[in-house]
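Let's have the full structure, built from the sequences with the hints guiding it.
Each chain, letter by letter, is given below.
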Amino acid sequence: MASLVGAFAASHGPIIARNWDTMAAGHRDKLKAGFDEIGRRLKACRPDLLVVVSPDHWVNFFISNLPAICIGIGEEHDGPPEPFMQKVFPHQRLKGHTAFGRHLLDTALDHDFEPALSHRLRLDHGTCIPLWRIGVDIGLPIVPLLVNDLEEPMLSIRRCLAWGRLLRQAIESYPEPLRVAVLGTGGLSHSIGETTMGWIDEDFDHACIKHFEDGEDGRLAAFLTDALPRTGNGAHEIRDWVIAHAAAGSKGFELIDYFPSPETLVGAGFASWKVAAPATAQARS
Amino acid sequence: MTDYWLSKLFFDLQQDPKLAAEFRADMAAVIDRYEIRPEVRKALLADDVGTIAPLVNAYLLRFYFQVRGMPEGEFISRLHALKAKEGTTNG
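In order, the protein sequence lines correspond to chains A and B. Mind the numbering: the first sequence is residues 162 to 446 in the numbering used here, read in order. Mind the numbering: the second sequence is residues 2 to 92 in the numbering used here, read in order.
Since the hints were derived computationally from the structure, they do not count as laboratory data. Predicted, not measured: the structure shown is a model, and the values here were computed from it. Treat the hints loosely; a few may be bogus.
Listed next, the in silico DMTMM-like pairs over lysine to aspartate or glutamate satisfying Cα-Cα at most 20 Å (straight line) [claimed, not checked]:
id, chain 1, residue 1, chain 2, residue 2
1, A, K191, A, E424
2, B, K9, A, E243
3, B, K86, B, D27
4, B, K86, A, E374
5, B, K19, A, E355
6, B, K84, A, E355
7, B, K43, B, D17
Structure follows, in C-alpha cells:
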C-alpha cells in the first residue's frame with residue numbers, strides 16, 4: 162500500500178523566475194530560504210512520486226474547453242512553454258506516473274467525482290517554479306492535478322476539501338508501496354490584471370494562515386468562501402493549498418515563512434502540513 | 002461579459018510566438034482574422050485598457066499587454082487609473 166509522506170505548499174509568481182537574478186539580493190535570499198526548506202523536507206521524505214496541485218495559466222486549456230480539475234495520467238509531460246521558464250528550468254520533458262495517475266482517476270470516478278484527464282500536459286510556471294526552486298530530482302515522477310483557479314466559476318472550497326480527502330484515499334488504496342508527497346502551489350494573496358493589481362492583502366493572508374494552522378475544515382471553508390470574493394483574484398490559487406491540506410488529514414500546518422513580496426506581486430507563503438496517520442493505522446490504535 | 006473572440010485572440014497570441022511576431026508587425030491584419038467587434042478593434046489599436054479589461058480574463062489581459070510590449074509598471078498604472086475612476090464614479 163502506498164503512503165502519504167509529506168504535504169507542502171509554495172508560491173509560484175512568474176516574476177520569481179523572470180527577475181531571479183536581478184531582484185534585490187536580500188529579497189531573493191528570503192524566497193530562496195523558503196523554497197530551500199521545502200526542498201530539504203521533501204528530500205527527507207524520500208518520495209517515489211510527487212502529486213503537484215497547481216493552476217493552468219491558459220497553457221493547456223481555454224474557455225472553449227475548461228475543466229474544473231484535470232489529472233495528468235501520462236508517462237511524461239512537457240516542460241514549461243514560457244521562454245522565461247525555459248531559461249531557468251530547461252527541461253522539455255518531465256516524467257509522469259501513469260499507474261498512479263490512472264488509479265487516482267479510477268478512484269475519483271468510483272466516488273462520483275468527474276475529473277478531466279490528460280495523457281500529456283504542458284506544465285507551466287505554476288508547477289515548474291516550485292520544482293525548479295526546491296531543486297526537485299528531475300527523475301522524480303510527477304502526477305499533475307491542474308485546478309481551474311483562474312476563471313470563474315471555480316470549484317467550491319468544500320469540493321477542494323473533498324478532492325484532498327479523495328487524493329489521500331487514492332494514495333492509501335494504491336496497491337504498491339509508493340511513497341507519495343503532495344505539493345500545492347500558488348497564492349497567497351495577489352491581484353493580476355485587475356484594477357487592484359499589485360495589491361497584497363496581508364489581512365487575508367494572515368487569516369488564511371491562522372485557519373490552516375488551526376486545521377479545522379469547516380472554519381477554513383467558511384472563511385475562504387466568504388473572503389475570496391473580496392480579495393485579489395490570485396488568491397483563488399489557495400484551492401491548491403486546500404487540496405494539500407485535506408490530503409494531509411486536516412491536522413494543521415507549520416508555516417515555514419510568509420512575507421509580502423511586492424517585488425514578485427504575491428504574498429509569498431511556504432508551508433508544510435502535519436500528515437495524519439493512515440486510516441488503517443488510526444483504526445488499529 | 003466575456004468576449005470569446007477577443008479572448009481567443011489573446012490566447013492564440015500567448016500560444017503562438019509566430020503569431021505574436023506577426024501581431025507586433027501588423028496588429029490590424031491579425032485582429033481582422035478574428036470576429037472582433039468594431040468598438041473592440043478600436044480599443045485594441047488604441048491600447049485602451051479600460052475598454053478591454055472587462056471583456057477578458059484578467060490573466061489573459063496581462064499576457065496580452067506583455068505581448069504588446071507594454072512595461073508592467075505602465076500596465077499596472079493604467080489599471081490603477083481605472084480604479085481611481087471607478088472610485089470617482091461611485092462617489
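How the hints compare with the structure:
1. A/K191 with A/E424: Holds, because 12 Å separates the two Cα atoms, which is no more than 20 Å.
2. B/K9 with A/E243: holds, 18 Å
3. B/K86 with B/D27: Status violated; Cα separation ~32 Å.
4. B/K86 with A/E374: Given that 20 Å is the threshold and the Cα spacing comes to 39 Å, the pair is violated.
5. B/K19 with A/E355: violated, 28 Å
6. B/K84 with A/E355: Between B/K84 and A/E355 the Cα gap is close to 9 Å, so the pair holds against 20 Å.
7. B/K43 with B/D17: violated, 23 Å
This entry does not satisfy hints 3, 4, 5 and 7, going by the numbered hints stated previously.
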